[in-house]
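Participant: Taken in sequence, the protein lines are chains E and F.
Last residue of the first sequence: 303 in full-length UniProt numbering, with the numbers rising by one and none dropped.
Last residue of the second sequence: 373 in full-length UniProt numbering, with the numbers rising by one and none dropped.
Warning: the hint list may mix true and false statements.
[Stated by the list, open to error] DSSO-like, lysine-lysine: derived pairs with alpha carbons at most 30 Å apart:
no., chain 1, residue 1, chain 2, residue 2
1, F, K154, F, K191
2, E, K269, F, K366
3, E, K246, F, K191
4, F, K306, F, K191
5, F, K354, E, K269
6, F, K366, F, K332
It should be emphasised that the hints constitute simulated quantities derived from the structure, not laboratory data.
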Amino acid sequence: MALGGSSAVHIQSSTISSAPPIPRTPSSITIHPVALFSILDHYLRRNDELQPRVIGTLLGTRSPDNTTIHVRSSFAVLHSENEEQVAVDMEYHRTMYELHSRVTPKETIVGWYSTGSNLNTYSALIQNFYSQETAPHQAIHVALNTGAEEGEEAGVQAYVSSPVGVFPKPENCIFVPVPVRLQFQEAERSGLDLLTQTALSPNSTTAQPVTSIANLDATLNTVSQMIDRVLTYVRQVLAGEVEGDKALGRYLMDTLGVAAIGEKGAEDKAFNASLQDTLMISYLANLVRAQAEVSARLALVTS
Amino acid sequence: MSIDLFRSPVWTLPPPPPAAPTYEAIPPSMSKVIDIEAEIPLQVVQLDGLVVTKILKHSREATSATVHGLLLGLDLDGTLEVSNSFALPHHVSDEDEKSAKSSGMRIHDTRRQCCGPYGEVQADDSVVGFYQATSLGAFFNQNLVEIQAIHQDKLRHGGVVIVHDLSLTARGNASFRAFRLTPAFLDAYKKSNFSTSSLVNHRLTFSSILEEIPLQVRTNPLLGSFLGSLTKSTPSLLPDATPETARSSVLPPSFSALDLGTTGLTRNLEQIIEAVDNYRTEEGNLAYLSRQIARERARADMYVAKRKEENAARVAQDLAPLPEEDVARLFKIPAEPSRLESMLLLGQIDAYGKSLESTASSGLIKMYGVRSI
């Protein structure tokens, strides 16, 4: 009560004494597809009546200067909310985090996710809780719109929070949007391609394993379709059916100009050398396999 | 009790958790009778999109050469649906005899810990197998066989192992295959008898250790639509964008399969050489052991022959013959060596050869394709 004169003084003193270096606010967030897909899976498995939305914990890493957060994975957390209250099963959250940190020790709690794009008082409360978990860093919130409800577009939004009001209360905060990007390693690319193809195919299933030749065939088909599309467009323009886009024409010109034609003799020579190498390898591979087979059979021969 | 369970942050009164239905455990004597699904043979393994990405991520991030984890899901009507997976932490001490037991224990330990929680968020929580990521198809190893043998004992349908090929994935063709051990191999493994006669009886070669089960990848509609919105391209807002940036999409199409370079070919060749070397060493050991056996046997035979001669002489002199039964006591003929390791090595060589062959053939096609352009 002695300090009761001015609240500003109170805030000033507390920030100086308790939190020496305040970590910088993250300015960009990247998300790994696994995290997103886990969220979708969780959403799909929710109890429809009890949970209009689901929440969970995001795990990831921070860049050294703390400006970028990489969300690497996520797990579901039990929660229930109604008009009066919201409750989160923290015991469960801790157990799961412990399990995850055993496999991937580098990943720490960076924030939480929820489905749907509405932010409300409960969001602020949960955000407040996760801020305690991620202290001294700020917790991030990722809102994933599944696009399952009518009139809503699927998408991902990320936020950091800042307290609002003279006396910050846990149930009040401002969610500040942060740019978010999908990030994965190049080698994981083919897995996503596989899933995209699967999503397009009837029954949403594809048989595995795909041989590399079949894969090559599929890719060549795609390229051929694209060329066909461009060709039809160009023909239409030439016939005067549609008005040509000047920019597009220039892009096509650039692309075709790139295809350099090298010297004839050198090209043939390199081709032949490479051909011999490849044939040699193919021969070797077959030889090795034949030998292995013979060896396995011979092991069965008894005198 | 409810307060304990829902240890919520300070601001709320914890509501009582919804009364979960309690299930009585089926007594072991009855479980076999009730378990109808076990009667239906496994036709196909269905891998959820989530599991595909989870395995990919785990195998990319792991520091060790082999990566494994558990598969969660359920089986229905001959289709094994794998709907989730859990990565297992890597242990350095994955060595021979101990590992079989400890990995089995570990799996069931982790299972208790992790699968309980999965059940609570209504995910499938029964272990149906495990996955392993290797490069260039060298999945034939003792570890896999041991873990799978344990699984096939404990799990319904024996469980499956899903093998993910890292090097193929890096070349733009994500590859997943499902396997399980053949009954013949399992039988021989249980008796831990891999001598030549046992191999002949079971008709075992490296190609009959594992049988492949057809595998499907499935995306649920929600994931499908989400992927659709990720791959949708949107025109750039900038008026003077370059061709690369004119249209942007979160997930642009990729054409890594058209890459002309044959990456990993040298590595593949090196691995073949390594495997062949290992095989030669193993064969050398086997040959040494069998020579030793032959030597011991020859000595025993000689001894028996000598004793017989002696006995004949003694009978001629009307003396009681000496006993012939102590041969087994005098000469310890070592047991025939196990051929499991050499068989697995052959399998490895074959797998490497196969992957080399497919690389070479697709390389040829690409070369001619480029030439005709």
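Participant: Confirm or reject each hint.
Facilitator: To see whether the hints hold, each was checked on the structure:
1. F:K154 <-> F:K191: holds, 17 Å
2. E:K269 <-> F:K366: holds, 17 Å
3. E:K246 <-> F:K191: It is violated: about 76 Å lies between the C-alpha atoms, which goes past 30 Å.
4. F:K306 <-> F:K191: Roughly 37 Å separates the two Cα atoms, so the pair is violated.
5. F:K354 <-> E:K269: holds, 29 Å
6. F:K366 <-> F:K332: With a Cα-Cα distance of about 61 Å, the restraint between F:K366 and F:K332 is violated, given a limit of 30 Å.
Checked against the numbered hints above, the structure violates hints 3, 4, 6; every other hint is satisfied.
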